[in-house]
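Please take these sequences and the hints and turn them into a complete structure.
Chains as they are written, first to last, in the numbering used here: chain A, 156 to 594; chain B, 156 to 594.
The reader is advised that the hints may include incorrect statements.
All copies of an identical chain are treated as equivalent in the list; a pair is satisfied when it fits inside any one copy or across any two copies.
Here are the simulated lysine to aspartate or glutamate pairs, DMTMM-like style, with alpha carbons at most 25 Å apart [to be verified]:
id : residue 1 : residue 2
1  : Lys208    : Asp430
2  : Lys208    : Glu327
3  : Lys548    : Glu404
4  : Lys343    : Glu594
5  : Lys208    : Glu391
6  : Lys225    : Asp241
7  : Lys208    : Asp467
8  : Lys548    : Asp346
None of these hints come from the bench; they were simulated from the model.
Spelled out from the first residue to the last, the chains are:
Number of protein chains: 2
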Amino acid sequence: MSEVKVSVSPKEVSPQAAQESRVGSHPLRPLRIALFGFGTVGSSVARILVESKPQGLELTHVFNRGVERKRVEWTPKSVEWSEDADAVLGSDVDVVVELAGGLEPAGGWVRRALGAGKSVVTANKKLIAYHGAELERLAATKGGHLKYGAAVAGGIPVIPGLEQGLAGDRIERIEGILNGTCNFILSKMEDGAEYATVLAEAQARGYAEADPTEDVGGFDARAKLAILMRLALRVEVDPEEIVPRPITEVTAVDFSYARDLGCTIRQVARAERADGRLAATVGPMLVAVRSPLAWSRGTENMVIATGHYGGDVVFSGRGAGGHPTAVAVVSDLLALAHGSRRVEIPAAPAQVGGEFEVPHYIRFLVRDRPGIVAEITGALARERINIRAIVQKPGYPQDALPFVVTVEPCESSALKRALESIRTMDCLLVEPLDLQMLE
Amino acid sequence: MSEVKVSVSPKEVSPQAAQESRVGSHPLRPLRIALFGFGTVGSSVARILVESKPQGLELTHVFNRGVERKRVEWTPKSVEWSEDADAVLGSDVDVVVELAGGLEPAGGWVRRALGAGKSVVTANKKLIAYHGAELERLAATKGGHLKYGAAVAGGIPVIPGLEQGLAGDRIERIEGILNGTCNFILSKMEDGAEYATVLAEAQARGYAEADPTEDVGGFDARAKLAILMRLALRVEVDPEEIVPRPITEVTAVDFSYARDLGCTIRQVARAERADGRLAATVGPMLVAVRSPLAWSRGTENMVIATGHYGGDVVFSGRGAGGHPTAVAVVSDLLALAHGSRRVEIPAAPAQVGGEFEVPHYIRFLVRDRPGIVAEITGALARERINIRAIVQKPGYPQDALPFVVTVEPCESSALKRALESIRTMDCLLVEPLDLQMLE
Numbered sequence: 156m157s158e159v160k161v162s163v164s165p166k167e168v169s170p171q172a173a174q175e176s177r178v179g180s181h182p183l184r185p186l187r188i189a190l191f192g193f194g195t196v197g198s199s200v201a202r203i204l205v206e207s208k209p210q211g212l213e214l215t216h217v218f219n220r221g222v223e224r225k226r227v228e229w230t231p232k233s234v235e236w237s238e239d240a241d242a243v244l245g246s247d248v249d250v251v252v253e254l255a256g257g258l259e260p261a262g263g264w265v266r267r268a269l270g271a272g273k274s275v276v277t278a279n280k281k282l283i284a285y286h287g288a289e290l291e292r293l294a295a296t297k298g299g300h301l302k303y304g305a306a307v308a309g310g311i312p313v314i315p316g317l318e319q320g321l322a323g324d325r326i327e328r329i330e331g332i333l334n335g336t337c338n339f340i341l342s343k344m345e346d347g348a349e350y351a352t353v354l355a356e357a358q359a360r361g362y363a364e365a366d367p368t369e370d371v372g373g374f375d376a377r378a379k380l381a382i383l384m385r386l387a388l389r390v391e392v393d394p395e396e397i398v399p400r401p402i403t404e405v406t407a408v409d410f411s412y413a414r415d416l417g418c419t420i421r422q423v424a425r426a427e428r429a430d431g432r433l434a435a436t437v438g439p440m441l442v443a444v445r446s447p448l449a450w451s452r453g454t455e456n457m458v459i460a461t462g463h464y465g466g467d468v469v470f471s472g473r474g475a476g477g478h479p480t481a482v483a484v485v486s487d488l489l490a491l492a493h494g495s496r497r498v499e500i501p502a503a504p505a506q507v508g509g510e511f512e513v514p515h516y517i518r519f520l521v522r523d524r525p526g527i528v529a530e531i532t533g534a535l536a537r538e539r540i541n542i543r544a545i546v547q548k549p550g551y552p553q554d555a556l557p558f559v560v561t562v563e564p565c566e567s568s569a570l571k572r573a574l575e576s577i578r579t580m581d582c583l584l585v586e587p588l589d590l591q592m593l594e
Numbered sequence: 156m157s158e159v160k161v162s163v164s165p166k167e168v169s170p171q172a173a174q175e176s177r178v179g180s181h182p183l184r185p186l187r188i189a190l191f192g193f194g195t196v197g198s199s200v201a202r203i204l205v206e207s208k209p210q211g212l213e214l215t216h217v218f219n220r221g222v223e224r225k226r227v228e229w230t231p232k233s234v235e236w237s238e239d240a241d242a243v244l245g246s247d248v249d250v251v252v253e254l255a256g257g258l259e260p261a262g263g264w265v266r267r268a269l270g271a272g273k274s275v276v277t278a279n280k281k282l283i284a285y286h287g288a289e290l291e292r293l294a295a296t297k298g299g300h301l302k303y304g305a306a307v308a309g310g311i312p313v314i315p316g317l318e319q320g321l322a323g324d325r326i327e328r329i330e331g332i333l334n335g336t337c338n339f340i341l342s343k344m345e346d347g348a349e350y351a352t353v354l355a356e357a358q359a360r361g362y363a364e365a366d367p368t369e370d371v372g373g374f375d376a377r378a379k380l381a382i383l384m385r386l387a388l389r390v391e392v393d394p395e396e397i398v399p400r401p402i403t404e405v406t407a408v409d410f411s412y413a414r415d416l417g418c419t420i421r422q423v424a425r426a427e428r429a430d431g432r433l434a435a436t437v438g439p440m441l442v443a444v445r446s447p448l449a450w451s452r453g454t455e456n457m458v459i460a461t462g463h464y465g466g467d468v469v470f471s472g473r474g475a476g477g478h479p480t481a482v483a484v485v486s487d488l489l490a491l492a493h494g495s496r497r498v499e500i501p502a503a504p505a506q507v508g509g510e511f512e513v514p515h516y517i518r519f520l521v522r523d524r525p526g527i528v529a530e531i532t533g534a535l536a537r538e539r540i541n542i543r544a545i546v547q548k549p550g551y552p553q554d555a556l557p558f559v560v561t562v563e564p565c566e567s568s569a570l571k572r573a574l575e576s577i578r579t580m581d582c583l584l585v586e587p588l589d590l591q592m593l594e
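Take a look at the structure:
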C-alpha cells in the first residue's frame with residue numbers, strides 16, 4: 156500500500172469532465188448510453204434500465220451485427236438500433252457498454268470510445284486481463300473512465316469490494332471459484348455423476364460451449380485471476396504466464412478418495428505473494444468440505460481475499476448469467492453517473508511463478524505388482540518430500556488399481572521432479588494425477 | 156431504483172471542494188487526519204497508516220481523554236496528541252475519524268466537523284443508525300463527506316458492496332450475522348457448551364462486555380440492521396421499531412432438537428420488503444446447516460443480500476476487532492483521498508413491522524400429563540396454522556419434558572395469538588420458545 160498513488164486528472168475540460176460537472180448540478184442531462192452487444196447480458200442491462208428507470212441513465216443506442224433480428228419492442232422508442240459501430244462511436248453517447256466479448260473487434264471499439272474521452276463499462280474479462288492497464292492509462296489521459304465490475308464473478312461485487320472496501324489492507328492471497336461451468340461439472344461429479352454426462356447436461360443448459368476448452372481447460376478462470384491479481388496483489392501480469400490445469404483428468408475415483416480425506420474437488424484459481432515471490436495457478440484442487448471453497452455449488456462463484464490486517468473476506472453469489480452480470484454493469488453506470496471515481500490501485504509489472512508450498516494429493520492408477528509403493532515412496536524421499544498418508548480403498552480390480560498418496564507441504568518443483576521419475580514406472584496405466592490440497 | 160437521484164453538490168468552494176481539487180492535481184497535499192479515540196481500532200488505524208504509508212493520507216492529530224496514558228512512540232513526531240476536542244476540531248485537519256462510539260459526545264464532534272465542511276469517517280453504528288440521514292444531509296450541505304464503511308461488519312466490505320456493486324439491483328431482503336459476540340456464544344453452544352460458561356469465556360477474551368445486554372439482547376445487531384436497510388432496502392427507519400429477541404432463552408435442548416431438524420441456531424438480523432410491507436427483526440433463529448448462515452463460526456460476521464435481478468450475494472469475514480475494522484476505516488480514507496464520491500442511495504422514511512411468513516420452531520418445556528399435544532395443536536388449528544412435525548426425543552424426565560412442534564409458514568401475528576392462548580396452560584414450566592426457521 157506504500158505505493159498507492161492518487162489519481163491525476165487532466166486539466167482540460169474533456170467530455171467526461173463536462174459530464175462530471177453536469178453531475179454536480181441539478182437538473183442534469185442523464186448519461187447517454189450505447190450498448191454494444193444485445194445478447195443475454197445486453198438485453199438484461201436494457202431490461203433493468205427500462206424497468207428500474209435509474210435516474211441519470213438513458214439508453215440511447217443499441218449496436219449489434221444483424222441488429223434487426225435483435226430488436227425488441229419494450230425499449231423506449233427513442234433508442235437507436237444500429238449495426239454501424241462507427242456511427243454509434245461517433246455519436247454523442249457518453250458511455251459505451253461493451254458486451255461483445257473477446258479481444259477484437261471489442262478492443263478496437265473500447266479504444267476508440269476511450270480515445271474520444273467517452274467512458275466505457277465492460278464485462279470483457281479477456282480484454283481487461285490482457286489490455287486493462289493500457290486501457291486505463293488511455294482513459295486517464297483522455298478524461299474518461301473504464302469500469303469492469305462485471306468482468307469477474309458477474310453479480311458478486313468483488314471488484315468494488317477490493318477497490319473501495321479493502322484498499323486499506325495489504326492482500327496477500329486471493330483464491331476463487333471463478334468459472335461456473337467447472338463448478339457445475341465438479342459439484343455434479345461430487346454427487347456421483349460422470350464427467351461426460353455432466354458436460355453434456357451443461358451444454359444442453361447453455362452453461363458450456365460446444366467446445367468447452369476455454370472453461371474446463373482453465374483459460375477463462377486464468378483471465379479473471381489476472382484481473383483480481385491486479386486489484387488484490389497490485390501486480391500487472393501476463394495471463395499467459397499462469398499455467399492452467401484442465402479439470403478433465405479428475406475422475407469419480409478422485410471424488411471417492413477426496414471424501415475419505417474430508418475433502419471435495421473444485422476448480423480453484425489462486426495467487427499469492429509469499430517470501431517475496433509471486434505464484435499463481437488454476438486447476439482442480441482438493442478443498443476441505445468445511446472450508447468456504449466447498450460451499451459453492453452449481454454455477455456459483457466465490458472469491459476469498461486474505462488480507463494482512465483483515466484476514467479472510469469471502470464473497471459469493473451468482474458469477475454468470477444475464478441478470479447478475481447486468482447488475483454489475485448497471486451499478487458501474489450508476490457510479491459513473493454519480494461521479495464516483497475509482498480508488499486507483501497502482502500495479503507494478505511482475506513475473507508469475509507456479510511455486511506453492513502446500514500438501515498434495517497424488518492418485519495413481521496401476522496394474523498391481525510387488526514393489527510399487529516402495530518405488531514411489533523412494534522417489535518422493537529422494538526429493539525430501541514427507542508422506543502424510545497412503546490410502547488404498549478396497550473393491551477395485553488388481554489390473555486397474557487406483558490408490559492415493561498424500562504428501563506434506565512441499566515445493567511444487569520438488570514434487571514435479573519426483574513425479575518425472577515416478578512417471579517412468581512400467582505399472583502406471585495413466586499419468587499420476589497430482590492436486591494441491593487447500594486446508 | 157426508480158428513485159435513485161444524483162448527488163447535488165453545493166457550488167461554494169468548501170474546504171472539501173478545495174481538497175477535491177487538490178486531489179486532481181499533482182503533487183498534492185495529503186489529507187490531514189485527526190483520530191478521535193485511540194482504543195483498539197484507533198491504534199490499529201494509526202498502525203496501518205504508519206506501516207503502509209498510503210500516499211495521500213497523513214495522521215496529524217490524536218484526540219483522547221487522558222491522552223498521556225494513550226501516547227505511543229511509533230507514530231511520527233509530527234502527530235499532535237491532544238485532549239482538547241475543540242482545539243482539534245478547530246484545527247486545519249481535513250478528516251475527523253470518529254472512533255469513540257455512542258451517541259454523545261461523538262455525535263457533537265461529528266456535527267461540528269461536518270458543519271465546518273470537513274469530512275468524517277466513523278465506525279459508530281449507533282450514531283449512523285439513529286442520525287445517519289441527518290448527518291449525510293449536513294455533509295451534503297457543507298461540502299464534506301460522511302463515510303461509515305466500518306460501522307457494519309467491520310472489515311467485510313458490505314457497505315461499498317451495496318453502494319457500488321449492487322446499486323443496480325433492487326434488493327428485496329437482507330439477512331446477516333452482525334454480532335460476533337452472539338455468534339461466538341451460539342457456535343460454542345452448538346459444540347455442546349452451556350450459555351453461562353461461554354458468556355464467561357467471551358467476557359474473559361474481551362468479546363463481551365461485563366453487561367452483555369447490548370450484544371445478547373440484539374440491540375447492537377439492530378442498529379447495524381437499520382443501517383443496512385437504508386442502503387439495501389432504501390428505507391429510513393427508526394431502529395427502536397425493530398423488536399429484538401435475546402439469545403438468552405436458547406438452551407442446549409434447542410441445539411439438540413435443531414440438529415435433528417438439519418439445523419443449527421444463530422442470531423440473525425433480517426429485513427425484507429414483501430407484498431408492499433416492510434418487516435425487520437433480530438433474534439435467535441434456526442438455520443439449515445447447509446445454508447450460508449450456518450457457515451459463520453466464532454466471531455465471524457456474514458451478510459446476505461437478495462436482489463431481484465442478481466439473487467443472493469454473500470459477504471463474510473471478520474466483523475470486529477481492531478485490525479479488520481481499521482481496514483474499513485483506512486479504505487474509506489483512501490476513497491476520500493481519491494475523490495471517490497458515494498453512489499447516493501436515497502431512502503424514504505418507512506414504518507417497520509415484524510410480520511414475516513416463515514416456518515417456526517416452537518419448543519415447550521412441560522410437566523407431562525395427558526392432553527398436552529391436543530391442547531397445543533388445537534390452539535394452532537384455531538389460527539389455521541399447519542403443523543409440520545412434532546418431535547419428542549427420549550431421555551428427558553417426565554416432570555421437565557422438552558418437546559418441539561414445527562409449523563408451516565404462517566404469519567407471525569397468527570402464531571403470536573396461538574401462543575398467547577397456549578401460554579395459559581398449567582403444565583408449562585417456562586414460556587414456549589418460538590424461533591423463525593430459515594430455509
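From the Cα coordinates, with 25 Å as the cut-off, is the pair Lys548 and Glu404 best called within, between, both, or neither? Classified as within: same-chain Cα gap 20 Å, cross-chain 47 Å, threshold 25 Å.
Evaluate Lys343 and Glu594 at a C-alpha cut-off of 25 Å and name the case that applies: within, between, both or neither. both (22 Å within a copy, 22 Å between copies)
Could you figure out if Lys208 and Asp467 sit no more than 25 Å apart (CA to CA) within one copy, between two copies, both or neither? Result: close only across copies, 22 Å inter versus 37 Å intra.
Within a copy, between copies, both or neither: where do Lys225 and Asp241 come within 25 Å Cα-Cα? For Lys225 and Asp241, only the intra-copy Cα distance (19 Å) is at most 25 Å; the inter-copy one is 64 Å.
Under a CA distance limit of 25 Å, which applies to Lys548 and Asp346: within one copy, between copies, both, or neither? For Lys548 and Asp346, only the intra-copy Cα distance (19 Å) is at most 25 Å; the inter-copy one is 31 Å.
Intra/inter-copy verdict for Lys208 and Glu391 if alpha-carbon distance must be at most 25 Å: For Lys208 and Glu391, only the inter-copy Cα distance (21 Å) is at most 25 Å; the intra-copy one is 37 Å.
For Lys208 vs Glu327, is the C-alpha pair at or below 25 Å within one copy, between two copies, both, or neither? Cα proximity of Lys208 and Glu327: across copies only (17 Å, versus 40 Å in one copy).
Are the CA atoms of Lys208 and Asp430 at most 25 Å apart within a copy, between copies, both, or neither? Classified as between; 21 Å across copies, 50 Å inside a copy.
Every hint, counting from the list given before, is met by this structure.
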